[in-house]
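*Asks:* Residue 60 in numbering that gives the first Met the number 0 sits at position 61 of the sequence shown, with consecutive numbering throughout.
Mimicking SDA-like on lysine to any residue, the simulated pairs with C-alpha atoms at most 25 Å apart in a straight line are:
{"id": "1", "residue 1": "Lys122", "residue 2": "Ser61"}
{"id": "2", "residue 1": "Lys75", "residue 2": "Trp102"}
{"id": "3", "residue 1": "Lys72", "residue 2": "Leu127"}
{"id": "4", "residue 1": "Lys75", "residue 2": "Leu120"}
{"id": "5", "residue 1": "Lys72", "residue 2": "Glu119"}
{"id": "6", "residue 1": "Lys122", "residue 2": "Met68"}
{"id": "7", "residue 1": "Lys122", "residue 2": "Ile106"}
{"id": "8", "residue 1": "Lys72", "residue 2": "Asn26"}
{"id": "9", "residue 1": "Lys122", "residue 2": "Phe71"}
{"id": "10", "residue 1": "Lys75", "residue 2": "Arg95"}
{"id": "11", "residue 1": "Lys75", "residue 2": "Arg97"}
{"id": "12", "residue 1": "Lys75", "residue 2": "Lys122"}
{"id": "13", "residue 1": "Lys72", "residue 2": "Pro114"}
{"id": "14", "residue 1": "Lys72", "residue 2": "Val110"}
{"id": "15", "residue 1": "Lys122", "residue 2": "Gly134"}
{"id": "16", "residue 1": "Lys75", "residue 2": "Ser60"}
{"id": "17", "residue 1": "Lys75", "residue 2": "Val110"}
{"id": "18", "residue 1": "Lys75", "residue 2": "Pro105"}
{"id": "19", "residue 1": "Lys75", "residue 2": "Ala54"}
{"id": "20", "residue 1": "Lys72", "residue 2": "Ala118"}
{"id": "21", "residue 1": "Lys122", "residue 2": "Leu76"}
{"id": "22", "residue 1": "Lys122", "residue 2": "His66"}
{"id": "23", "residue 1": "Lys72", "residue 2": "Val13"}
{"id": "24", "residue 1": "Lys75", "residue 2": "Glu119"}
{"id": "25", "residue 1": "Lys122", "residue 2": "Asn9"}
{"id": "26", "residue 1": "Lys75", "residue 2": "Ser28"}
{"id": "27", "residue 1": "Lys122", "residue 2": "Asp10"}
{"id": "28", "residue 1": "Lys122", "residue 2": "Val94"}
{"id": "29", "residue 1": "Lys75", "residue 2": "Gln125"}
{"id": "30", "residue 1": "Lys122", "residue 2": "Asn26"}
{"id": "31", "residue 1": "Lys122", "residue 2": "Thr136"}
{"id": "32", "residue 1": "Lys72", "residue 2": "Ser121"}
{"id": "33", "residue 1": "Lys122", "residue 2": "Asp74"}
{"id": "34", "residue 1": "Lys72", "residue 2": "Ala58"}
{"id": "35", "residue 1": "Lys75", "residue 2": "Asp128"}
{"id": "36", "residue 1": "Lys122", "residue 2": "Leu7"}
{"id": "37", "residue 1": "Lys122", "residue 2": "Phe96"}
{"id": "38", "residue 1": "Lys75", "residue 2": "Glu111"}
Simulated from the structure, these hints should not be mistaken for laboratory data.
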Amino acid sequence: MADIHPQLLNDCRVLGRFSLSHLLLSNDSNYPWFILVPDREGISEIFQLPDQDQAQLLAESSLLSEHLMSRFKGDKLNVAALGNVVPQLHLHHIVRFRTDSVWPAPIWGEVEARPYSEAELSKLMQQLDIEVLPGFTL
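With the sequences and hints as input, model every part of the structure.
*Replies:* Encoded structure:
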């Protein structure tokens, strides 16, 4: 089992996991922002994963993506594996809206992160209803 990078743990809440990846919620209430972190040591790029893990990551990402768009009714879903700050492979899933503060620009460094209040987090988790996804465990 791979450790989750400390920066991700500092910036996110671990929600649970799929068969390959941990699912994290970024503590930035400006956007519904989720991160998949494959449970593999020493991997920084998707191509470094064995073929079976690449297919599983795509399956988990697609399942999560469809679920996020159905739950949050976003205008666009940004999916990205950047890793410029955190070298551990992780895949961002950010629901975007034409009404968000930086639309249509990328979100990176545009506005200060706004941590979730307990009420906002509770509302988001109810809306997310992640437990219904096949293969997801808390």
